[in-house]
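S.K.: Letter by letter, the sequence shown follows residues 3 to 130 of this note's numbering.
Check the hints yourself; a few may be wrong.
Claimed, not checked - Derived lysine-lysine pairs resembling DSSO-like cross-links, with alpha carbons at most 30 angstroms apart:
(1) Lys66 x Lys88
(2) Lys66 x Lys12
(3) Lys88 x Lys12
Said to hold, decoys possible - Label-pair ranges, simulated between beta-carbon atoms:
(4) Glu77 x Asp15: 40 to 50 angstroms
(5) Arg109 x Glu77: 25 to 35 angstroms
(6) Leu102 x Ala25: 14 to 24 angstroms
(7) Ala33 x Glu98: 26 to 36 angstroms
(8) Arg5 x Pro32: 44 to 54 angstroms
(9) Ala108 x Pro6: 37 to 47 angstroms
(10) Leu57 x Asp97: 13 to 23 angstroms
(11) Glu70 x Arg19: 26 to 36 angstroms
(12) Arg5 x Ala33: 39 to 49 angstroms
(13) Ala85 x Val7: 22 to 32 angstroms
(14) Pro6 x Leu57: 21 to 31 angstroms
(15) Arg84 x Leu21: 37 to 47 angstroms
(16) Ala33 x Asp97: 32 to 42 angstroms
Calculated directly from the structure, the hints in this document are not laboratory data. Even glycine gets a Cβ: it sits at the ideal position worked out from N, Cα and C.
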Amino acid sequence: MSRPVPQPVKLADDITRQLGQLADHLSQLPAPQAAQVVARVLAPEAGVLGGVTHLVITASHFAKDAAERGALPAEVWLALGRAVTKLHDISLDLDEHQDLLQDLGARPATTAAATPPAPAPLVARRHR
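Work out the full structure, taking the sequences as your base and the hints as a guide.
M.R.: Encoded structure:
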């Protein structure tokens, strides 16, 4: 007889499935709608990225307690701590673009006769 799956595990599975669905929808949306979705995903307080960061912070606290009891290797706690730091840094980098994404999402859809904006050259930044 198999053990029942706890509700929080089901919730994690449902969220993962829904994130996949959201990514599928995002790839098919016109630019203004895609920008609206991305802006909401990246919203600092109420967005998915902030929620994931909060979840990893909570996981880090759990891992610290478990590592102190010897139930987990300390490396797990340290890895989660690094993940929190990186997620926070990513959130800060993306936060500066939040207004632009919201503005793009609020614009009316362009018509076929409208001239599209000139493409901008892409610049890659390396974080060390």
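S.K.: Need the status of pair Lys66, Lys12: alpha-carbon distance at most 30 angstroms?
M.R.: holds, 24 angstroms
S.K.: When you take the CB atoms of Arg5 and Ala33, is the distance between them in 39 to 49 angstroms?
M.R.: holds, 47 angstroms
S.K.: Okay, Ala108 versus Pro6 on CB: inside 37 to 47 angstroms?
M.R.: holds, 46 angstroms
S.K.: Check the following: the C-beta atoms of Glu77 and Asp15 are separated by a distance inside 40 to 50 angstroms.
M.R.: Between Glu77 and Asp15, where Cβ atoms are some 26 angstroms apart, the hint is violated.
S.K.: Would you say the C-beta atoms of Arg84 and Leu21 sit inside 37 to 47 angstroms of each other?
M.R.: violated, 22 angstroms
S.K.: Can you tell me whether the CB distance of Leu102 to Ala25 sits inside 14 to 24 angstroms?
M.R.: Since Leu102 and Ala25 have Cβ atoms about 21 angstroms apart, the given range 14 to 24 angstroms holds.
S.K.: Regarding Arg5 and Pro32, is the given constraint of 44 to 54 angstroms on their beta-carbon distance met?
M.R.: With Cβ atoms ~46 angstroms apart, the hint holds.
S.K.: Does the Cβ-Cβ separation between Arg109 and Glu77 fall within 25 to 35 angstroms?
M.R.: violated, 47 angstroms
S.K.: Between Lys88 and Lys12, does the CA-CA distance stay at or below 30 angstroms?
M.R.: holds, 27 angstroms
S.K.: Quick check on a hinted range of 26 to 36 angstroms for Ala33 and Glu98, using CB atoms only.
M.R.: violated, 20 angstroms
S.K.: Is the Cα-Cα distance between Lys66 and Lys88 30 angstroms or less?
M.R.: Within the cut-off at roughly 18 angstroms; holds.
S.K.: Do the beta carbons of Pro6 and Leu57 sit within 21 to 31 angstroms of each other?
M.R.: holds, 23 angstroms
Of the numbered hints stated above, those contradicted by the structure are hints 4, 5, 7, 15 and 16, listed in ascending order.
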